[in-house]
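Peer 1: Sequence:
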Amino acid sequence: MSWFRHLFLPHESNNQRAKLLHPSSFGLIIGFFTLVQIAINYVSSSYPAILGYASQIPPAEIVRLTNVNRESQGLPALKLDSELTQAAVLKAADMFARDYWAHVSPIGTLPWYFFTEVGYSYRYAGENLARDFSNPGSIVQAWVDSPTHRENLLSSKYQDIGVAVVDGQLSGRDTTLVVQLLGTRLSAVPAVSRQASFTVQAQEEPAASAPAVAVMQVQVPPQSIFSATPVANPFDITRAISLSLLAVIATVLLVDVVLVRRGQIIRWTSRSPAHLIFISVLLVAAFTVLQGQIL
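Residue numbers (this note's numbering): 59 to 353.
Please keep in mind that the hints were generated in silico from the structure rather than gathered at the bench. All residues carry an ideal CB built from backbone N, CA and C; glycine is no exception. Check each hint, because a few of them may be wrong.
Here are the in silico distance ranges between beta carbons for each label pair [to be verified]:
1) 64 with 315: 13 to 23 Å
2) 91 with 166: 33 to 43 Å
3) 133 with 315: 18 to 28 Å
4) 229 with 96: 35 to 45 Å
5) 81 with 335: 16 to 26 Å
6) 193 with 84: 29 to 39 Å
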């Protein structure tokens with residue numbers, strides 16, 4: 059127990075400050091975290107069967123969970139459409155090629171361009187995006203929890219669905235993009251005004267064909283979309299390590315603050331309260347940043 063007291067509790071052996079809170083310990087923690095990240099990046103790129111991204115998110119499961127939510131609301135299931143799936147792959151490839159995370163590309167390409175590019179002439183069209191999730195259930199749940207995405211997901215206007223899950227880099231960071239395209243073919247419903255929506259608010263589109271916008275064509279390796287399930291996911295490992303380290307440091311700081319306040323430790327100055335606030339902010343930030351995003 060002496061090592062535990064020395065490492066985590068104020069004591070004579072550590073000059074009345076937990077060894078974990080010493081500058082040298084922080085240096086070791088930062089070095090450890092850096093080495094772990096380097097190892098994760100190396101293993102995930104060299105041995106994707108051990109650490110993988112998209113391979114843990116089968117597109118078919120996203121389709122299934124989407125239909126489970128629709129059927130629970132008395133809506134018909136969506137049919138998996140090969141053209142919409144191809145369009146979703148093109149949209150994901152374009153986001154990686156042009157390095158953007160948005161419905162509209164930096165050069166103004168709308169999502170509906172990819173529908174017409176693959177020959178899917180739509181009456182209704184919608185798009186949901188997700189990134190940095192580790193499993194399909196959390197993706198669909200995030201969409202369901204968002205009012206706009208939920209209304210899009212559960213719209214009775216749609217008949218078809220296409221999903222792509224693709225690995226790549228955005229802004230220099232490894233990530234997994236999930237593109238879900240929803241649609242109804244032009245020939246499937248009576249003639250009405252043509253509509254498209256990023257999420258829920260249907261935006262009327264002119265009946266004319268999609269604008270001629272140049273789109274960078276990128277070949278997406280098949281293994282980026284469908285592959286074997288890896289042993290672990292890099293996002294989960296990074297998130298777990300970051301939150302664990304910050305939580306341990308915050309706990310040690312809290313104990314230090316309590317002991318000083320109770321007068322069990324005589325210390326002329328103490329910055330532990332300020333450090334505790336700072337670490338708490340980092341903990342909240344890490345919890346927020348290291349979770350998936352939807353758009």
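Peer 1: Each hint: holds or not?
Peer 2: Cross-check of the supplied hints:
{"no.": "1", "hint": "64 with 315: 13 to 23 Å", "result": "holds (19 Å)"}
{"no.": "2", "hint": "91 with 166: 33 to 43 Å", "result": "holds (40 Å)"}
{"no.": "3", "hint": "133 with 315: 18 to 28 Å", "result": "violated (53 Å)"}
{"no.": "4", "hint": "229 with 96: 35 to 45 Å", "result": "violated (19 Å)"}
{"no.": "5", "hint": "81 with 335: 16 to 26 Å", "result": "holds (19 Å)"}
{"no.": "6", "hint": "193 with 84: 29 to 39 Å", "result": "holds (33 Å)"}
Taken one by one, the earlier hints fail for this structure at numbers 3 and 4, listed in ascending order.
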